[in-house]
Amino acid sequence: MTDSTMTAHIIQNNMDPKDFHCTNQVKETVESSFNAINNVAGWWATNVAGSSQQVGDRFTVRFGKTYGSFLVKEIIHGRKITWLVEDCYLPLFKNAKEWKGTKLLWDLSSTENGSIISFTHKGLTPQLECYPDCIKGWSFYVKESLCKLITEGKGLPGTGIFGRIFSGDRKYEGILYFKNDALPDYIDGYLFVDVKSTSGETVTAAYNAGEYKKETFDASNLLGEYFMVIENKPVYENIDPLNDILNLIRNHMEHKDYTASITVNADAKTAEQAISKVPGWWTEGYTGSSEKPDDVFTVTFGETFVTFKVTEVIPGKKIVWKVTDCYLHWQNDKKEWNGTEVVWDIESNDNSTSITMTHVGLVPEVECYENCREGWDFYIYKSLFKLLTEHKGMADLKNKVAAQAD
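Residue 207 is where the sequence shown starts when you use the numbering used here, and the numbers rise one by one after that.
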């Protein structure tokens, strides 16, 4: 990658939402870059059907059950390419058609030292559920794989989908495969995880894990539709990955805790400050402090209240609040949140930051799950997001609207 310089940023066109955008600068000619982009199987996916050479051509890119079907809308040779997403299926997300109607825009220009490739996924904005995962995928395939194809003649097209599994603050990254996928020629030294459920590309529950052995591994024997292959390397010294993942599965993945993720064009410090500014996005009924370990604060909504203790703060990375008391007035079990934890994971990605909130203990089996899930969806996806992007959240708005309706 020494023959190229690469930057990524989010652009805004007039009053449109912010679309994902990245730029590559390479020493090769515009002609070479143009031809490489159209060699979709050389940099994006090994499973590509159709053609992308002329206006009106159609092609489909597949990763197991996941696919995108594209129409070539515009080609100006050596200068511009536009692909329209006519259809898609993203089964890891609630809205499997989230890419449909979006466009992939390529703009090329010559320089004295080579060429500049500008890529925009028009319609891939932070409001979409798939955004945090898709920008990681694009950052790899456009900035890494395509660039290698142009500069070295061989890209890194994918056969599966990037995935990850968290055990505390340890993150294991690998590739998610549909159980009928043909696997690459993995050698010994990998692990597999039999996946039960995901939140986007994050594994939230699994049936089992084990050592991957090429001679004996048979995906048809797995319980889940998906499995993940992970390199067997510790992320922390003296912590064995397989035992760590098995312990996670046995002790923490029996239920599916509520999880929500947003990505914003802000740094990690700003994200942390916004989360701790509880009256700015959750409720104006707030007393106490929520900025440092051992702080205690209470949020109130009429008769309902919840008291939290801040049990952990890793600056720019993680915040944990534990519920020490609560009163949920509308429920039979008014103390249902007691002992649960709200965990915030913060991760910087180039010029953006991903925030993942997990309410540990808020699972589908509990009485308040549906009402609480709806509430968290509003306050995180809308109010906290608005606070970080427009500097003004929507604290209490959901409850005010409900009160007016009553």
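Simulated from the structure, these hints should not be mistaken for laboratory data. Keep in mind it's a predicted model, so treat the numbers as computed, not measured. The beta carbon of each residue, even a glycine, is placed where N, CA and C say it ideally should be. Check the hints yourself; a few may be wrong.
Beta-carbon label-pair distances, calculated as ranges [what the hints assert, rightly or not]:
1) R579 x E318: 27 to 37 Å
2) D293 x E576: 26 to 36 Å
3) N457 x D293: 49 to 59 Å
4) D531 x E580: 22 to 32 Å
List time: in silico EDC-like cross-link candidates among lysine to aspartate or glutamate, alpha-carbon distance up to 20 Å [stated by the list, open to error]:
5) K475 x E497
6) K462 x E443
7) K377 x E407
8) K462 x E335
9) K342 x E553
10) K462 x E318
11) K286 x E304
request  = Assess, step by step, whether the Cα of K377 is no farther than 20 Å from the Cα of E407, and give holds or violated.
outcome  = Answer holds: K377 to E407 is near 13 Å, not above 20 Å.
task = Take a quick look at whether K462 and E443 sit within 20 Å of each other, Cα to Cα.
result = 29 Å, violated
ask   = Is the hinted pair K286 and E304 satisfied, with a Cα-Cα distance of at most 20 Å?
value = 25 Å, violated
inquiry  = Just to be sure I understand the hint, the distance between the Cβ atoms of R579 and E318 should be within 27 to 37 Å; is that true here?
reply    = 55 Å, violated
query = Taken at face value, is the distance from the CA of E553 to the CA of K342 at most 20 Å?
reply = 12 Å, holds
query = Holds or violated: 26 to 36 Å for the Cβ distance of D293 and E576?
reply = 31 Å, holds
request  = Decide if the proposed pair is consistent with the structure: K475 and E497, CA atoms, cutoff 20 Å inclusive.
outcome  = Given pair K475, E497 holds - Cα atoms ~12 Å apart, limit 20 Å.
query = Cβ-Cβ distance between N457 and D293: within 49 to 59 Å?
reply = Violated, at about 41 Å.
message = 22 to 32 Å was suggested as the range; check whether the CB atoms of D531 and E580 agree with it.
response = 23 Å, holds
Hint consistency between K462 and E335 [alpha-carbon to alpha-carbon, up to 20 Å] = 18 Å, holds
inquiry  = Please verify whether K462 and E318 have alpha carbons no more than 20 Å apart.
reply    = 55 Å, violated
Checked against the numbered hints above, the structure breaks hints 1, 3, 6, 10 and 11 and satisfies the rest.
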